[in-house]
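Colleague: One-letter residues, chain by chain:
2 protein chains.
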Amino acid sequence: MPDLVSERIRCKDLRGKVTSVENAARLIQDGMSVGVCSDLLPFCRALEKEGREGRDLQIHLWSGVAILQADRILGKTGTIKRRIGQQTLLRKPINTRQVQYLDTPLGSFYPAIRAGEFGSLDVAILEAVSITKEGNLIPAYRLHDMPNFAQAAGRVIVQLNTAYPTHFEGMHDVYIPGDPPKRKSIPISCIDDRAGTPYIPLNPDKILAIYLSDEPEPIDADDSVDKTSAAIASHLLAFLRKEVAQGKLPPSLLPMEIGLGMIPTAVMKAFENAEFESLEFYSAVLNDGLLGLLSRRKVRAASGTGFFLSPRGEKHLLENLHEYHKKVVFRPVEIADCPEVIMRLGVLALNGAIEADIYGNVNSSHIMNGDIVSGVGGAVDFAMNAYLSVILLPSTAKGGNISCIVPMTSHVDIPEHGVDLLVTEQGVADLRGLVPKERADKIIRLCAHPDYRPILREYFQRALKEAGGHEPQLPDEALSFHSRFLKTGSMKLTGGK
Amino acid sequence: MPDLVSERIRCKDLRGKVTSVENAARLIQDGMSVGVCSDLLPFCRALEKEGREGRDLQIHLWSGVAILQADRILGKTGTIKRRIGQQTLLRKPINTRQVQYLDTPLGSFYPAIRAGEFGSLDVAILEAVSITKEGNLIPAYRLHDMPNFAQAAGRVIVQLNTAYPTHFEGMHDVYIPGDPPKRKSIPISCIDDRAGTPYIPLNPDKILAIYLSDEPEPIDADDSVDKTSAAIASHLLAFLRKEVAQGKLPPSLLPMEIGLGMIPTAVMKAFENAEFESLEFYSAVLNDGLLGLLSRRKVRAASGTGFFLSPRGEKHLLENLHEYHKKVVFRPVEIADCPEVIMRLGVLALNGAIEADIYGNVNSSHIMNGDIVSGVGGAVDFAMNAYLSVILLPSTAKGGNISCIVPMTSHVDIPEHGVDLLVTEQGVADLRGLVPKERADKIIRLCAHPDYRPILREYFQRALKEAGGHEPQLPDEALSFHSRFLKTGSMKLTGGK
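So the sequences go chain by chain: A and B.
Each position in the first sequence, counted from 1, maps to that position plus 34 in our numbering.
Each position in the second sequence, counted from 1, maps to that position plus 34 in our numbering.
Possibly wrong hints are sitting among the right ones.
Pair ranges (Cβ atoms, derived) [claimed, not checked]:
(1) B:G65 to A:Q280: 19 to 25 Å
(2) A:D485 to B:E472: 39 to 45 Å
(3) A:Q280 to B:S54: 40 to 46 Å
(4) B:L527 to A:K499: 26 to 32 Å
(5) A:E500 to B:S54: 46 to 52 Å
(6) A:G204 to B:K216: 24 to 30 Å
(7) A:Q280 to B:R228: 33 to 39 Å
(8) A:E309 to B:Q280: 54 to 60 Å
Cut-off 25 Å, straight-line C-alpha distance, at most; resulting in silico cross-link-like pairs (PhoX-like, lysine-lysine) [as the list claims (entries may be wrong)]:
(9) A:K218 to B:K360
(10) B:K216 to A:K276
(11) B:K432 to B:K526
(12) B:K216 to A:K361
(13) B:K471 to A:K110
(14) A:K126 to B:K471
(15) A:K216 to B:K276
(16) B:K499 to A:K521
One side of the interface only, derived from the structure: several residues of chain A facing chain B at Cβ under 10 Å [said to hold, decoys possible]:
(17) R131
(18) F152
(19) D156
(20) P211
(21) P506
(22) R518
These are computed hints drawn from the structure, not numbers from a lab.
Yeah, the Cβ is synthetic: ideal placement off N, Cα and C, and Gly gets one too.
So here's chain A without its partners, still in its complex pose:
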């Protein structure tokens, strides 16, 4: 252990700060705002234990990325009072209102932190594979919001993760913009441009404690793909092929944004077997599928806040780190989700959704009557500023009892104007250049499930006759699909009547 410490902590003064994870967790006080940038399993378990053993411990937890295990561990025991940023696995305690959740698009989250909108960040827990002579941090394959939290936090605790090699050094590009009136242009015009430092700048005086972990922290992901997702991916690629053939997109496309889940997995697998070469990714999330494309040498370069990898994916990354080192750059969430850069690069934004309405408005966060599924994340920033904003979703959910195409979404995250293309397993609706009436016709015809087309069409025709002119809706019935599902367990008429 002492060898590891001196090898990994090049700043001698900091070596004395090494302590146990239990001691580190004890530094967290009731009521503190704590920033966590990845799962940090040993720390979360220790913190959870503190709470379980009777200490009053309710914190405000900040994270701009989905910290799946951390939310799950701390969410169970009531340690999180308020959660700020992006979440996916904390939905239960949020929807029972044990946890107050402040959702925010990531493009404006970090400027809001600097402006003090959420109060001050007491402590940030950061992960590093090594610490430089000056006390700066070299992270592993998750940069996420560590640079912002290192800047914002009063004090810092470091998880020095020896399960990962130190050769990640050089893959990070840490740049944080200034604030108005002194904010400058972000000097990134190409996905692999470098604008900042290869480490997280950190005033070593901020470091309260360092604990060692030798536990890798992959996520719980698999690479299964169902028929629906495969069909969605296939429609998307056929569309992209057509755009390239018509000269509307370059043969190697434009930098792509993609997330996590079965549909993204299907899309990446479809690219594995497709003719596209020299692909580029400018995404918050880098997923297992990217590794598949990297290993097939189909990727020119990729930029993201970090990898979200299955155990198998993590193993593959570590084994091929030398080769991928020069192709992947990790950026702070603030840059990975920055509207300015997204628009400049001309990103093809590939986002999922819970539901879309007949006019193209998209709900990516809430279901039915207001339960949250996940935060809005970068979806709205990407969609509004993309060169081509694509929404990928199945036409139905819950065994066909939910139509993901509805008259009116029960919540709007991406307004109709931020959606160029809607893709379901039924087909593709290219909405560019269309007025609402034309969009509705196309979405119902090409994207809705055949079981729901008649009742959607009936609604739309009646709205055209009885309601307003430009984008007609019947206030008494616009949310009737949702209402029917809540009452009968199905959006189908036969379920309800």
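For this one, chain A is given, so just place chain B on it according to the hints.
Modeller: What follows is chain B alone, placed relative to chain A:
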């Protein structure tokens, strides 16, 4: 007239293209896409006459700014088949579906034009006060989307307006970004930075015809302010004062965006009598109120696509042009509404709205059951990328029969995450850092009209009990306020029951 021609058209080869406005209007063919960047009264009247006199003439009309008179004149006679961009006075024929309207946020309108989303632009009608030796155009006080249309259009017709002096030369900064993958950073870090040319670059071969006009074209605006608007402005300024006192905003604030109408007029008048000095504006619209502030020397600099002025305002501008010349810069709409620049400058976005819901979602374009009022314009780009996004609206409309605070808006243009501050004549709800439940409580308490507070609170309390957890809505009742108004003429319960 010949003297005027040689004085104003410095490019000799172009002088032979001078013709009558009637001849110019005859160049427009049925089915053409025509770009119009301001009212161009002589041309619109001539075109309308063409249609009225029996020629088949239905065009696609493009404009990214509200061309009030042009829409009114051409909308009446069915000359417009399809309208693309921003509109306000074409709502009647749009809502009766005589005109197909394609609404689009202005930040992405021009990249979409270059990508060919709307097909090709056959002819653009541009206004100039003079033409340079090289054939480039010097506009008056409306630059608007002329640079983009000059670039996109196959052919160009010029309205040479001799009612305006030529000294506008030097006030325009014409910069059009490239497209991905070659788009670069927009070199504007301060509202009066200059990035482009002081004229509209134009290949003179594109010019089909030039006609002369000696008719000024102010808009139909007045400076009246009612009690409600004055109260809204007063609440806003009190809030800004508090922010300055707390060190959250600089004493001269940050660059402001503001629109047209009674509330913006009230805000500008409030600034006339306030202590703020060296104000800056980065806005699409520059209004009469800005002249009031300029004349009181309260403005350091202002940037906009052009002035929208009453006859009195126009007279004042022309009389003081020499003084204001150095303080005002006109930019293309694409730059004035550009998310990149808005975020960099840290704009205080002051936008109006039709209604907001209890969680802060904002509808700025549609009423009740789908009739459009105006296009979304720059509102969503400004709101999503502003340093502080403020929505200003009265708490009621239609003599109190409409509550502008509703359980759920009937359309969403600006999702809740793009709204920092909601201001009505009742008060200010500062929504920063709040979760949905807290936002609802504050909006109902501070912004809703007392007549509607009890039924909004009753809805919210019941939704908390009966509906989903994070942002609860009752699908059967979320749009019940709208439904009640449509049935009874009032959102009040007493009107309906």
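Colleague: Hint by hint, say whether it matches the structure.
Modeller: To see whether the hints hold, each was checked on the structure:
1. B:G65 to A:Q280: 19 to 25 Å: Taking Cβ atoms as reference, G65 of chain B and Q280 of chain A lie about 23 Å apart, which means the hint holds.
2. A:D485 to B:E472: 39 to 45 Å: 40 Å, holds
3. A:Q280 to B:S54: 40 to 46 Å: 41 Å, holds
4. B:L527 to A:K499: 26 to 32 Å: 29 Å, holds
5. A:E500 to B:S54: 46 to 52 Å: At roughly 48 Å between Cβ atoms, S54 of chain B and E500 of chain A fall inside 46 to 52 Å, so the hint holds.
6. A:G204 to B:K216: 24 to 30 Å: With Cβ atoms ~28 Å apart, the hint holds.
7. A:Q280 to B:R228: 33 to 39 Å: 37 Å, holds
8. A:E309 to B:Q280: 54 to 60 Å: Between E309 of chain A and Q280 of chain B, where Cβ atoms are some 58 Å apart, the hint holds.
9. A:K218 to B:K360: Judged against 25 Å, a Cα distance of about 24 Å means the pair holds.
10. B:K216 to A:K276: The hint holds at about 22 Å.
11. B:K432 to B:K526: Holds - the C-alpha atoms of K526 of chain B and K432 of chain B are around 12 Å apart, at most 25 Å.
12. B:K216 to A:K361: Roughly 20 Å between the alpha carbons, so the hint for K216 of chain B and K361 of chain A holds.
13. B:K471 to A:K110: 22 Å, holds
14. A:K126 to B:K471: Holds: K126 of chain A and K471 of chain B sit about 16 Å apart, inside 25 Å.
15. A:K216 to B:K276: 22 Å, holds
16. B:K499 to A:K521: 16 Å, holds
17. R131: Holds, because the Cβ-Cβ distance from R131 of chain A to chain B comes to roughly 6 Å (cut-off 10 Å).
18. F152: Check passed: Cβ of F152 of chain A comes within 5 Å of chain B, closer than 10 Å.
19. D156: 16 Å, violated
20. P211: P211 of chain A check passes; min Cβ-Cβ to chain B is 8 Å, inside 10 Å.
21. P506: Check passed: Cβ of P506 of chain A comes within 4 Å of chain B, closer than 10 Å.
22. R518: Cβ of R518 of chain A sits 9 Å from chain B, so the hint holds.
Of the numbered hints stated above, the single one contradicted by the structure is hint 19.
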